[in-house]
Amino acid sequence: MKRLVFAAVLLLAMAMPCSAVELSFEDDFPIVGRTETVTVKEAETDVSLHLWVIYSPNSETSTEEEIGFIPTTGEVAWTPSRSGIATVTARGDDGGVVASENVAILFAQTPVAGVMVMLFAGVLLFGGAGYSLRRVLKSGVPEVAPLIDT
Amino acid sequence: MTEARGSWGSKLGFILAASGSAIGLGNIVFFSSNAYKYGGGAFYVPYLVALFLIGMPVMILELGAGRFTRRSMPNALYQLAGKRAEVAGWFGALNASVITMYYIAILAWIFGMWVGSVGALWQASPVAAFGLQSGELSNSMSYFFNMISSARPLIFVGLIWAANILIIIKGAKSIEAVVKVFVPLMWVMMIVLIIRGITLPGGLEGIFFLFTPDFSVMGDVGIWKGAFSQMFFTLSLGFGIMMAYASYLPRKNDDVLSATTISFLNCSFEYIAGLAIFSLLFAFAIAPKASSVSMIFFVVPEGIAEFPAFVGIFGFLFFTLLLMAGLTSSVSLVESVVLSVIDKFALPRYKVLVGVFLVGLAGSVLFVLPEVIDPGLNDDGTLGFTLLDLFDHWAFGYGLLICGLLELIILGWLYDIDALLAFINENSRVKLGAKFKFLVRYILPLVILSILVLSAADEISGGLYGSAMETGNYTGLHLLAFAGWIAFSFGGAVLFTVLKRRDEGGGAS
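Same order as they appear, the protein sequences are chains A and B.
Numbered by the working numbering, the letters in the first sequence go through residues 1 to 150 in order.
Numbered by the working numbering, the letters in the second sequence go through residues 151 to 659 in order.
For reference, chain B alone in the conformation it holds in the complex:
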């Protein structure tokens, strides 16, 4: 039985939902972390290049392919280029599932900070698990490390997964209703934080740091890989999300306009999030401790604590919005996986939701395991945080780019790209021609392939990521994480591809 596929109530609803997916922790947590990690201005210029060179073209293709086939990624690629292409689609969907699992773990920590924002977050406390006395860390840091070394996030992860399932249970309409309220609110909150940040001493200099190019380090391939991965992540590319969302679109849609609107809205939000966070980072001279992903948990609360009044209210509001930003994105991540399974196996939605919930919850629990394995906080502190760091390196740093590369090869070489471009051009004011085709077939694959090969060479010569991490008694954790990612994403992709298809119907015509 195939269930009815919903549709968007309006174009604005789709744009807000798609930008709600694109605007999430990627903009606030990962952008600021990566921008800091790769040197501020040294990162921002490659990031802008990535937006135009990779981001917009790949999004146009994903929207076009989703609308053309009216299928989620694995099934869309299958329909366009057969079984070989389907493997790539499942790889993308399963790699996205890994990201979803730790993304929801981060959301669980955000939930914990949200709970703390009504009081405990603003008070100094000793961090017993790490042997730290009261006052050795800032209030927000001590609260965060106390929380991640406790069992509370295990419960929070369950709550966040349940919230995701509840939101998507009714499909596109419920997502649309949620994001229509929260996306505009997130913009307002970020603007309030910018005003606070730049009015603090040193705040403006933080903004200059974010944008001033440092040419002495910009030749480092790691920075370009970071910028390109960030672009894929922040625009939800290589996950199958955009294909899944576009499959709900009506026949008549301008994909070029939709892609540019979503990309510009997303990167504009990232711009203001960067202004807010870097101004606060400088004003309080915060050097992120442990994984830089945790930066967001320290920098913004420090800034809010310096508000002249209503600290608790602003803190509560900030974490509420962060939670909502994360939820709108995680919902789309879960939805793309759910839709992929429904499209292939023609299973009832609720059955697929239950399956995804159970597997996803088990995975997310791994990333919040509270056992302290690095009491010195040299790297990540707890077992869960260390696993998150390791899996993020592979799924985010490599998985998204590999998926992007495979998509380009499939759409550019295995499928007749002229047919897809003709379909997109039917309703697009800006017509895609020979130059776009050349970009998709030659330039983009070569750029991504070069980055992947050079990064892999660095990895081989410098040792597998995580080999030097403090992991206590857990030796070989880095190998386990690498093998786990390969088995789940690649192994799972092969398995899902060979399983018998029950829905042979297609939307392309």
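With the rest of the complex left out, here is chain A:
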């Protein structure tokens, strides 16, 4: 279902002619839990637009949230709730996408669990590979006689 929603968003995005509406972010890399200002440039004032975000688009863990209505100032406050890749879209009342932008959302602080898994996996995999490869090389060349089926 989420995939369908994203598909619909993309379809509309592709169907739209090059829009004059542009989305920009206060920071190149927004941070989870920190309020970010999203600016919608050259939005037509007579059309009401809403800002949406799709977290992890095109994945099984994708979720979608409405950020809010875009006022005439063109600035909307947004507090990202998930880290990862996100697609922010501006849509009209009819759901039509007028602008879309991808952004990478950073963790609020270095994720300890992530660092632990990374180190554990690294030591385990490379340690295991090094140890077993050393043993293979130590065991030397196998018996010379080839296996022949006749």
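Hints listed in this document are in silico derivations from the structure and should not be mistaken for laboratory results.
All values reported here derive from a predicted model rather than from experimental measurement.
Don't take each hint at face value.
Distance condition first, Cα-Cα at most 25 angstroms in a straight line; then the derived PhoX-like pairs of lysine-lysine [to be verified]: (1) A:Lys138 - B:Lys581; (2) B:Lys581 - B:Lys233; (3) A:Lys138 - B:Lys402; (4) B:Lys233 - B:Lys402; (5) B:Lys587 - B:Lys402; (6) B:Lys402 - B:Lys501.
Place chain B on chain A using the hints.
Frame of chain A; chain B shown alone:
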């Protein structure tokens, strides 16, 4: 007439060839796609569990059975447990053939990107077939979609099939010579990409994303199915490859050591490939468009385009290595099918090669058909890409796990597993005992069966995969793909089993 079976020149040659088979597009293309698809860290922890719970034990069994019988999978299983088991072996071999066909289609696209990497890939261009203007997609995306909607991949598929046949024409020795050069080079290239990725703003965060567990979604059975299927795929299990390769091994070999070495080498490479790709994914905030399999065609070229110098050279080198990584794996896929046929029907190698080439080429052509059926790029764009997505869902997502389950039931229940374990233990420093036997007979089948049943239940309640895809005028494509997979893999397995065996000789003693 039975032809001579070759042997490996050295243990290192076998390890490199087996890890060359295991290290391929599975590590670079499929790992990163699946890791993204299933939520990064939410995927990586089940993936690590799968390595120890499923990956290593099944590989030990496959190597042992291959060396014990000196036969490819269908014939090894026949020798161990009779005709009933042979059906399962042929199912594995034919399911692997489906994967080989689309794997070679992906290699054909990689070949196209390789050709483009000397120039056109780095320049913006409109994508006429999808009605996109210049600049609406990144350069690599526009090049990719232009290519897959053209007829060029039809030629590339022929070239890749021909290359596969040429490499395997001389058997184990030629495979060994190729991988000895390319496997180490792939490691170097990935390390260069990691350095580039983590030195870009946001790159390091991509790495954290890959490893940080998200417990809120880890209860989803789909993620576990994805991780377990990835483990089977990346370690070339359930294909018959490891049995075929092990059949070339000498009598004295430590299968436990070989299995752990190949598994660790493979997953270490996947680890660094993940570091490289996720750092670039974050640095450029790329959300994969169309099937996530295509991610590799966008993310890495974007990263390379940001290199301070020698962009064309690095791009060319990257796609060269990707091509080689894919070739060493596709060679092993083709070899396992060829060996299965030779072992049963005692046909000359060249005749079997010609047959496999013709059938395989026809199948691969289906997956690169350039007709645009989804101009909005909501799903996969072209007819070939859509078929690839659909067949991948069944052959990769279900076929490998079904084959693994059948192997475990055959080796654990239909055959006297004690005899196989005793054979493995003869030359193994680590002895496999009652705990391993319990794992093989009870735990692993139950785990795989649970995942398959729960996934199938999801499939039934949520609609057959692909039913909601944009397929233009091709209605019912998802049903056709499902029926095609069943007919080719299951129907073909029954057919090959009932055909008269010409080689009754066996290697087991």
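Exercise. With a cut-off of 25 angstroms on the C-alpha distance, tell me whether lysine 402 of chain B and lysine 501 of chain B pass.
Key: 32 angstroms, violated
Exercise. Sort out whether lysine 402 of chain B lies within 25 angstroms of lysine 233 of chain B, counting only the CA atoms.
Key: 29 angstroms, violated
Exercise. Starting from lysine 587 of chain B, check that the Cα of lysine 402 of chain B is at most 25 angstroms away, please.
Key: Roughly 22 angstroms between the alpha carbons, so the hint for lysine 587 of chain B and lysine 402 of chain B holds.
Quiz item: Does the alpha-carbon distance linking lysine 138 of chain A and lysine 581 of chain B stay inside the 25 angstroms limit?
Solution: Distance of about 19 angstroms is within 25 angstroms: holds.
Quiz item: Hey, lysine 138 of chain A versus lysine 402 of chain B, does the alpha-carbon distance stay inside 25 angstroms?
Solution: 15 angstroms, holds
Self-check item: Proposed proximity, lysine 233 of chain B with lysine 581 of chain B (alpha carbon, max 25 angstroms)
Solution: With a Cα-Cα distance of about 30 angstroms, the restraint between lysine 581 of chain B and lysine 233 of chain B is violated, given a limit of 25 angstroms.
Checked against the numbered hints given earlier, this structure breaks hints 2, 4, 6; the rest are met.
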